[in-house]
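K.L.:
This is what each chain is made of:
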Amino acid sequence: MARWKKRRRLPIARIVLLTLYMIFLFAPLYWVAITSIKPSEDYLAIPPVWFPKEPTLGHFTAALITYHGLTGLINSVIISLSATALSALFGTMMAYSLARFNTGGQHLSFWVLSQRFLPPIAIVLPLFLNYRYFHLHDTRTGMILAYTMFTLPVTVWMMFAYFRQMPRSLEEAALVDGCTRWQAFRQVAVPLAAPGIVAAAVFAFISCWTEFFFAIILTSRHAFTLPTVFRSFLSFQGAQYGEASALAVVSLVPSILLGILVQQHLVRGLTLGAVRG
Amino acid sequence: MANVKITGLHKSYAGGVHAVRGIDLDIPDKQFAVLVGPSGCGKSTLLRTIAGLEDADEGTIEIGGEVVNDVRPRDRDVAMVFQDYALYPHMTVARNIGFGLKARKFAKSEIEERVQRAAEMLGITSLLDRLPRQLSGGQRQRVAIGRAVVRNPKLFLFDEPLSNLDAQLRDEMRGELKRLHQEIGTTMIYVTHDQIEAMTLADHIVLMRSGQVEQQGPPLDLFERPATKFVAGFLGSPQMTFLDGFLIRSSAGNQIRLADGVTVLPLPQGRKLEGAVDDMPVFLGLRPEHVTRSRGVSEDGLVQYEAKIELIQPTGSRSYATFSLGDQQVMAELQAHDVSQPGQQITIDINLGRASLFDARSERAI
Numbered sequence: 007m008a009r010w011k012k013r014r015r016l017p018i019a020r021i022v023l024l025t026l027y028m029i030f031l032f033a034p035l036y037w038v039a040i041t042s043i044k045p046s047e048d049y050l051a052i053p054p055v056w057f058p059k060e061p062t063l064g065h066f067t068a069a070l071i072t073y074h075g076l077t078g079l080i081n082s083v084i085i086s087l088s089a090t091a092l093s094a095l096f097g098t099m100m101a102y103s104l105a106r107f108n109t110g111g112q113h114l115s116f117w118v119l120s121q122r123f124l125p126p127i128a129i130v131l132p133l134f135l136n137y138r139y140f141h142l143h144d145t146r147t148g149m150i151l152a153y154t155m156f157t158l159p160v161t162v163w164m165m166f167a168y169f170r171q172m173p174r175s176l177e178e179a180a181l182v183d184g185c186t187r188w189q190a191f192r193q194v195a196v197p198l199a200a201p202g203i204v205a206a207a208v209f210a211f212i213s214c215w216t217e218f219f220f221a222i223i224l225t226s227r228h229a230f231t232l233p234t235v236f237r238s239f240l241s242f243q244g245a246q247y248g249e250a251s252a253l254a255v256v257s258l259v260p261s262i263l264l265g266i267l268v269q270q271h272l273v274r275g276l277t278l279g280a281v282r283g
Numbered sequence: 007m008a009n010v011k012i013t014g015l016h017k018s019y020a021g022g023v024h025a026v027r028g029i030d031l032d033i034p035d036k037q038f039a040v041l042v043g044p045s046g047c048g049k050s051t052l053l054r055t056i057a058g059l060e061d062a063d064e065g066t067i068e069i070g071g072e073v074v075n076d077v078r079p080r081d082r083d084v085a086m087v088f089q090d091y092a093l094y095p096h097m098t099v100a101r102n103i104g105f106g107l108k109a110r111k112f113a114k115s116e117i118e119e120r121v122q123r124a125a126e127m128l129g130i131t132s133l134l135d136r137l138p139r140q141l142s143g144g145q146r147q148r149v150a151i152g153r154a155v156v157r158n159p160k161l162f163l164f165d166e167p168l169s170n171l172d173a174q175l176r177d178e179m180r181g182e183l184k185r186l187h188q189e190i191g192t193t194m195i196y197v198t199h200d201q202i203e204a205m206t207l208a209d210h211i212v213l214m215r216s217g218q219v220e221q222q223g224p225p226l227d228l229f230e231r232p233a234t235k236f237v238a239g240f241l242g243s244p245q246m247t248f249l250d251g252f253l254i255r256s257s258a259g260n261q262i263r264l265a266d267g268v269t270v271l272p273l274p275q276g277r278k279l280e281g282a283v284d285d286m287p288v289f290l291g292l293r294p295e296h297v298t299r300s301r302g303v304s305e306d307g308l309v310q311y312e313a314k315i316e317l318i319q320p321t322g323s324r325s326y327a328t329f330s331l332g333d334q335q336v337m338a339e340l341q342a343h344d345v346s347q348p349g350q351q352i353t354i355d356i357n358l359g360r361a362s363l364f365d366a367r368s369e370r371a372i
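Heads up: the protein sequence lines correspond to chains A and B, in order.
Mind the numbering: the first sequence is residues 7 to 283 in this note's numbering, read in order.
Mind the numbering: the second sequence is residues 7 to 372 in this note's numbering, read in order.
No lab work stands behind these hints, which were simulated from the structure alone.
Don't take every hint at face value.
[Said to hold, decoys possible] Just a few of them, taken from the derived set where beta-carbon distance is under 8 Å, the chain B residues facing chain A:
1. Leu-59
2. Pro-95
3. Gly-129
[As the list claims (entries may be wrong)] Some chain A residues near chain B, calculated using beta-carbon distances under 7 Å:
4. Ser-175
5. Leu-176
6. Glu-178
7. Leu-181
8. Val-182
9. Cys-185
10. Pro-197
11. Gly-244
12. Gly-265
13. Ile-266
Where a beta carbon is used, it is the ideal one built from N, C-alpha and C, also for glycine.
Chain B extracted, bound-state conformation:
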């Protein structure tokens, strides 16, 4: 059991790529932290530096209160699951799982017992005598997890462990990983580029961009109160739509005037606008769930709009309908059978109380 504390971490590769640029993180004990971001944002490098597979150029890494910058990977007491599973092809499943214990000179009987227990936990007892190449992707993944679990380490590191699996298996394994974490309660750091994985698994999301932390916190905080336009756009599927416009401040109330110069959307009364000035260019961020079929009630922050549906994308449980709002495309979330034909005219509620606003220059939330 251990917390992980990272202070001022920098890492560059030979060839001049500055992969990690000054990262500070504090992951409490027993937490499931997910490092998420687009490819090349430095999340894998950060994970590998925590594992000790890369050396930090600057800054410190503490695991369980001990600075481990100069500690060899084997002595950090962490376990890592790799994207390609990294099972030793020349060893059976049992030997793969027990390899770390053997390297640490555990007694043979102890190794056997622990391997058996890990295999039971992951439901792979029948596979123990097989070689990795005789296993399916999902089974290999389980073995890789077994190899990590069996050592009972202070910290688990996962480097995109599900990205090689097909969609169905990925959903299944996601659930199992979450259950595993609840069962053993060890601190986990998990890297992914998949925002759904991040949202579903994490207690704590660290969203990274170009080697820096863009925002971190509980998943729903990031989702509902994104600090930047990047965070807002990265989390959520379908993506948040960003409308170009200007913020109009007046004593009668604050409004957004969209880029067409005609469409005006009143902001709710109590909306705080930090550092905002009159007529500043902004992005209005709307998620599909902020734009729904009108319930016919008028509320503060709710704008009703007559929308002509241009495109319908049914997903089964609900449908996404696209329409134009002041020359810009917006996506609305509707009931599955609500609208069947493009061209239909319906009344839409736009919930500006939940919408996000970003300064168009700094792209930071207002």
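Chain A with its partners taken away, still in its complex shape:
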């Protein structure tokens, strides 16, 4: 009985805390969403305008067309998706090789991860100069290559952990059953690692989608990505809050869609197969 009472009291505290946390999470999102449809005189009005009397979609057209947000969006989609696919493809193969064949001995796997300890500033200048030389500067190909390289360590590391906890006997059974190494990888290891691959790919995608530093240095007028467009909203005339908010809303959409689509896989993937069926 005592246990019962204790349990019954908990939800109130839980609800209060969760509500506060939700406000903390969603208030900025609400503000961005609402600012994107506010007329400019309402941006900084006191008292704040919670919902505009005359909502407008003008900021969206301005952000997407006048400020070239649409080009940035298209570039971002192409670059992020391509880099994610390449990163997942090569990362999975590399991780499998590290996990199963102990490629590179004890140290290669850690060396791969250690690439991420390197401050981006350390490599961005040599990369910039090389890109100029090889005509990769301000191209989507260049950006895809850069982002693949930049997301690969984390993908490899996540998949490495995933493969290491996967029982070898499944692939061994496949080998004895009549598969080549490659078939065992393709038909047994990869389908079983799917949740991990999805999780790693989502991570890679989000890193690419929000990346700013490489983008601003390696692109200028053609291959610029969505995050770099935000630069143009700060100008001598002041900040274009409405346009910035509108573009922020646009850039949120893919992340939300992705989250909904792969939610189930993501949870399974992030627990590294602990809840395998």
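Let chain A serve as the given structure and place chain B on it in line with the hints.
P.N.:
Below, chain B without anything else, positioned relative to chain A:
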């Protein structure tokens, strides 16, 4: 159908574990061979090397007269059942069973037919559309066996396939495996650490210890004539008891004097004692069935002893009674209701004609 011949096999792992140290084996066609031994004795490594999942460092492996050291696992035409079943979790039972055939590019109709036949043989036709996670342990085991059987390979390899099942199911599956072997007659190599499994299943037991073969032969040969103290202690449950003593040789007859210096047990007349010298330290190995309620007849090799029972362990069909013989504990096998109270005094026959003797230094049988 194939025999398996292994010559001078060595296998070490990175990290310096020398798992298999010079093994020679010759398993004839159609035999059910069991590799048995305590964990870490190299039996699984040996099996995996035969399957091709590990490379041999030295020595040769022949399957059906062909040296397969450099042949890929898929081309060795062997099937393996793993301890954790290793069913592909993302495939239905039917696809699991047919996977090997598909990988070998069999026609779809042929695959279906063979899967159906294997499923019928193992009584799992109703499970064909299920996923492995929807099956019980015993059913998974059957599917794993089905996956091996369906390919009709030259050789079956089993790596402790029953160790994850509960006791009752294990007994049942043991019987089924034996029946399966009688039906299809393919050579099987079976790894287990369970001596009862080894005794019941094998035509040929290979008892391993620290990467080497300790003794091999038909199960009853190993049981009745163990070559070493290790073999004697490993096979049989309850275990053989080993009594410390000395061998006394004299023209009047050979005797064992137990370590207490007082108790003397005469050995039967015809007992051969190879390489034994007078007063050498020995172990006298007695199984419970060598120590029974006295029938009151005196025979050569039968020693009668007044035993005061200290402990009784009934198993239902019979009871095991422990008593002291010259300061050392011995276990006797009695009828289930023979003795009910500890402290009871009964006459025991010790059958030294069936007992084993081991040199205490080399631990080899005398």
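K.L.:
If a hint holds in the structure, say so; if it doesn't, say that too.
P.N.:
Each hint tested on the structure:
1. Leu-59: Check passed: Cβ of Leu-59 (chain B) comes within 5 Å of chain A, closer than 8 Å.
2. Pro-95: 6 Å, holds
3. Gly-129: 22 Å, violated
4. Ser-175: With Cβ-Cβ at 4 Å, under 7 Å, it holds.
5. Leu-176: 5 Å, holds
6. Glu-178: Status holds, d = 5 Å.
7. Leu-181: 4 Å, holds
8. Val-182: 5 Å, holds
9. Cys-185: Hint on Cys-185 (chain A): holds, closest Cβ of chain B at ~5 Å, below 7 Å.
10. Pro-197: 5 Å, holds
11. Gly-244: With a closest approach of 57 Å, the Gly-244 (chain A) hint is violated.
12. Gly-265: 24 Å, violated
13. Ile-266: 23 Å, violated
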